[in-house]
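Asker: So you can see what is in the structure, the chains are spelled out below.
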Amino acid sequence: MSCKICSQPIKEEGYCIVHLKAYQNICKKFEAWKKALEVSWIDYLVNISKNSLTGEWAKEVAKYLIEDESRNVKER
Amino acid sequence: MKKYTLIISEKPDAANRIATALDDKGRNTRKNSNGVPFFVAKNGDKEIIVASALGHLYTVMSNTKKGKWDYPVFNYQWAPRWMAEKGVLKIRTWIEVLSKLAENAEEFIDACDYDIEGSIIGYSVLKYACNGKEKTAKRMKYSTLTREELRESFTNLLPHLDFALIEAGLTRHEVDWLYGINLSRALTLAAKNSNNMYATLSTGRVQGPTLKYIETREKNIQIFVPTPFWNITAKISIDDHTFELEHEKKVIETKAKANAIIAACKTKEGQINKIDTKEFQQSPPVPFDLGTLQSEAYRLFRYPPIHTSKIAQHLYINALISYPRTSSQKLPSTIGYSTILKKLSRSTLYQKLTQKLLAQPTLKPNEGSKFDPAHPAIYPTGNLPEKVLDTSAKNIYDLIVRRFLAVFSEPALKQRVKISVDIKWNLFFMMGYRTLKEGWMECYRPYVHYEDILLPLLFEGQKVAVKKVNLKDKFSKPPSRYNPQSLLKKMEKEEIGTKATRASTIQTLYERKYVEGEQNMTITDLGFEVADVLKNYCPSVVSSEMTRKLEEKMEQIQLKQETKQKVLADTIENLKTVTEVLKQKQSDIGVQLGQKIKQLRLNEQIIGKCPKCQTGKLVIIRSKKTRKRFIGCTNFFEGKCNTSFPLPQTGKIKPLTKPCKTCGYPIIKILITPKHPWKICLNLDCSTREEK
Ligand SMILES: [Zn+2]
Numbered sequence: 064m065s066c067k068i069c070s071q072p073i074k075e076e077g078y079c080i081v082h083l084k085a086y087q088n089i090c091k092k093f094e095a096w097k098k099a100l101e102v103s104w105i106d107y108l109v110n111i112s113k114n115s116l117t118g119e120w121a122k123e124v125a126k127y128l129i130e131d132e133s134r135n136v137k138e139r
Numbered sequence: 195m196k197k198y199t200l201i202i203s204e205k206p207d208a209a210n211r212i213a214t215a216l217d218d219k220g221r222n223t224r225k226n227s228n229g230v231p232f233f234v235a236k237n238g239d240k241e242i243i244v245a246s247a248l249g250h251l252y253t254v255m256s257n258t259k260k261g262k263w264d265y266p267v268f269n270y271q272w273a274p275r276w277m278a279e280k281g282v283l284k285i286r287t288w289i290e291v292l293s294k295l296a297e298n299a300e301e302f303i304d305a306c307d308y309d310i311e312g313s314i315i316g317y318s319v320l321k322y323a324c325n326g327k328e329k330t331a332k333r334m335k336y337s338t339l340t341r342e343e344l345r346e347s348f349t350n351l352l353p354h355l356d357f358a359l360i361e362a363g364l365t366r367h368e369v370d371w372l373y374g375i376n377l378s379r380a381l382t383l384a385a386k387n388s389n390n391m392y393a394t395l396s397t398g399r400v401q402g403p404t405l406k407y408i409e410t411r412e413k414n415i416q417i418f419v420p421t422p423f424w425n426i427t428a429k430i431s432i433d434d435h436t437f438e439l440e441h442e443k444k445v446i447e448t449k450a451k452a453n454a455i456i457a458a459c460k461t462k463e464g465q466i467n468k469i470d471t472k473e474f475q476q477s478p479p480v481p482f483d484l485g486t487l488q489s490e491a492y493r494l495f496r497y498p499p500i501h502t503s504k505i506a507q508h509l510y511i512n513a514l515i516s517y518p519r520t521s522s523q524k525l526p527s528t529i530g531y532s533t534i535l536k537k538l539s540r541s542t543l544y545q546k547l548t549q550k551l552l553a554q555p556t557l558k559p560n561e562g563s564k565f566d567p568a569h570p571a572i573y574p575t576g577n578l579p580e581k582v583l584d585t586s587a588k589n590i591y592d593l594i595v596r597r598f599l600a601v602f603s604e605p606a607l608k609q610r611v612k613i614s615v616d617i618k619w620n621l622f623f624m625m626g627y628r629t630l631k632e633g634w635m636e637c638y639r640p641y642v643h644y645e646d647i648l649l650p651l652l653f654e655g656q657k658v659a660v661k662k663v664n665l666k667d668k669f670s671k672p673p674s675r676y677n678p679q680s681l682l683k684k685m686e687k688e689e690i691g692t693k694a695t696r697a698s699t700i701q702t703l704y705e706r707k708y709v710e711g712e713q714n715m716t717i718t719d720l721g722f723e724v725a726d727v728l729k730n731y732c733p734s735v736v737s738s739e740m741t742r743k744l745e746e747k748m749e750q751i752q753l754k755q756e757t758k759q760k761v762l763a764d765t766i767e768n769l770k771t772v773t774e775v776l777k778q779k780q781s782d783i784g785v786q787l788g789q790k791i792k793q794l795r796l797n798e799q800i801i802g803k804c805p806k807c808q809t810g811k812l813v814i815i816r817s818k819k820t821r822k823r824f825i826g827c828t829n830f831f832e833g834k835c836n837t838s839f840p841l842p843q844t845g846k847i848k849p850l851t852k853p854c855k856t857c858g859y860p861i862i863k864i865l866i867t868p869k870h871p872w873k874i875c876l877n878l879d880c881s882t883r884e885e886k
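Residue numbers (the working numbering), protein chains in the order written: chain A, 64 to 139; chain B, 195 to 886.
Treat the hints with caution; some may be incorrect.
[What the hints assert, rightly or not] Here are the in silico distance ranges between beta carbons for each label pair:
id, chain 1, residue 1, chain 2, residue 2, range
1, B, Arg610, A, Glu94, 33 to 39 Å
2, B, Ile766, A, Asp106, 45 to 51 Å
3, A, Leu100, B, Ser881, 56 to 62 Å
4, A, Leu100, B, Glu739, 55 to 61 Å
5, B, Gly249, A, Glu75, 38 to 44 Å
6, B, Ser527, A, Asn114, 56 to 62 Å
7, A, Leu100, B, Arg610, 43 to 49 Å
8, A, Pro72, B, Gly249, 44 to 50 Å
9, A, Glu94, B, Ser527, 58 to 64 Å
Hint data in this document are derived by calculation from the structure and do not stem from the laboratory. Heads up, the beta-carbon is just placed ideally off N, CA and C, and yes, glycines get one too.
Using the sequences provided together with the hints, build the complete structure.
Answerer: This is the structure in structure tokens:
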């Protein structure tokens, strides 16, 4: 099995080592964003995926999570 | 034949200087044998020949049979460099000439630079080229190549070489060689055996951890998620002047809080709450060690560290400055402060400043904490350049002189005024600065820059007009990438490598294509993989901790608390385990590295974007049928584009980065003979082709 985003082997939660680190960082930083702007998870993801300061791997994970979220909405 | 004293220096230009200085009439006779120069001088009734090495003449080399390129390698010997490396045949003649000169010498003196590397150079020449004279040779110790100091050091020779220092140096070379050869071979063979891709891959005891710093930094940048914050500024006006003030909270974490402050500050009037005036001293800078000189030269002129160290070496050889490869920030009084200042007074550039310093009741340098047993901090000898220096050398020389002057100057005295303004119970601040006494800054100009911020006369309780209160959206920033200078600082801080080798380790990372980018060092895909392989299969090698431990051992050898044999036995023991793992995982490693090397090779072949389909890339292709080469579009393989350009069948081809000015097609450089490169635009219809 390979990472949800790239072709590297999975470390945990369906991510390779670098995308896992990016994912964990995204989850960690959401706390600060929620407090600062009272944003929803999805708005947060959209925000960081467009921010030029966000790292490339974090952007890839954010975009993947946005797509994943919209798939879930459709399936429901 | 009359017997003579043979002095060995590190390089020919130093030999020339030493011979001139030791000669009673201040001149020497330059001779040469088979293209190897040496210098004859007369000192009293002594005849002296000063010959030189050419940097390292000897190196560590494997003594296993030729033809077997494998690892692990634990058997080695010290051998002339021409036997171990290609393209250094000159060294063979060089050693022969030194041996010949040694035959008729009755006394031997090592005058190489007084540090680890210099000591090894002198030691190995005396031992191997001069037939075991390292035991009886005497040592010249000096920090500048001025006539006075060289003569003084010749009269007060040290009775023998510094064997503990040499022992430590030999250990470092041997340990580094063992790590370097085994790990580099493991990587190179892994890539070669599993993909048949030949690429020189290297790593080592210092290079490994250094690459890891860049890799870790890059990862932190790539996973970075910015967090928002806000800050608030207020514009106020006093007597028709506008000032910008900052809210006392520099970081406001939530938008709600920020909005609340903005709402509260809706008023036209504020009041000066407090005026806080403080005087403070700014101490002069400390003398330059090599590291601080390199950072300062990077800050001011953007010179990479390796460039600065070369220029400093050049200034040293010309007796303009003291020995630059020092880690000391101390200037002992024995260097003769006032003599140097008086000598510098001969330059109109420095006269005013030196005279002011000489008029001070005492001269006391503001020394830093770092100490080096072999040399003092870098200082000007007082000699003025005999020839016009080129821009880089002039800049570094002037920087070193002004720094030296600043070190002896008085502290600067400054006044800071902090004004707090109350706008509806919110405090805003502004600062004013005034220089009361310039002190050392006068000497260090233009390398210190400051501007006073002057405020009008104000009093507490004074009313001020509030023009505007602004809310600024901000984000936390990712860590910045290393540049060669900041990486060098990191290596210094982590105590890996030595002041003499750090800059060239960084250079190797570029040469191996592990990193790219001059100002923002970015790790390449290949660099990432190499770092990953090392981290996964031999984590101990890239840990700063192991490197630091080894540095400690080296110091203990110098203090005779540890032996070379023990350190080398430990190294081999550790490498046995490491290489076993690397052997076992060879094919995994090969696959991992091979992909990236392939990609790198492909990127190197790319000539430019296809001008027709705009999505494919132009690459050099060799026809399977005719074996002829031409340029084609990568989309050809998918049947989407058939753009192609003919190529001459001989000569090396290099793509140029800038496209043709006339038609915008890519341009290539063809090297049929190296001296006459030929540039052509790929477009057969381009007018630049007809001109030819
Ligand atoms: Zn991944």
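Asker: Against the range 33 to 39 Å, how does the distance between the Cβ atoms of B:Arg610 and A:Glu94 compare: consistent or not?
Answerer: 38 Å, holds
Asker: Looking only at beta-carbon atoms, does the pair B:Ser527, A:Asn114 fall within the given range of 56 to 62 Å?
Answerer: Since B:Ser527 and A:Asn114 have Cβ atoms about 58 Å apart, the given range 56 to 62 Å holds.
Asker: Should the hint that A:Leu100 and B:Ser881 are 56 to 62 Å apart at their CB atoms be regarded as holding?
Answerer: Since the Cβ atoms of A:Leu100 and B:Ser881 sit about 58 Å apart, the hinted range of 56 to 62 Å holds.
Asker: Per the hint of 44 to 50 Å, is the separation of the Cβ atoms of A:Pro72 and B:Gly249 within bounds?
Answerer: 46 Å, holds
Asker: Take the C-beta atom of B:Ile766 and the C-beta atom of A:Asp106, compute their distance, and say whether it sits inside 45 to 51 Å.
Answerer: 59 Å, violated
Asker: Range first: 43 to 49 Å. Now tell me if the beta carbons of A:Leu100 and B:Arg610 are that far apart.
Answerer: 36 Å, violated
Asker: Taking 55 to 61 Å as the stated bounds, is the beta-carbon spacing between A:Leu100 and B:Glu739 within them?
Answerer: Since A:Leu100 and B:Glu739 have Cβ atoms about 42 Å apart, the given range 55 to 61 Å is violated.
Asker: Taking the beta carbons of B:Gly249 and A:Glu75, is their distance inside 38 to 44 Å?
Answerer: Hint violated: Cβ distance 51 Å, outside 38 to 44 Å.
Asker: Does 58 to 64 Å hold as the CB distance between A:Glu94 and B:Ser527, or does it fail?
Answerer: 59 Å, holds
Of the numbered hints listed earlier, those contradicted by the structure are 2, 4, 5 and 7.
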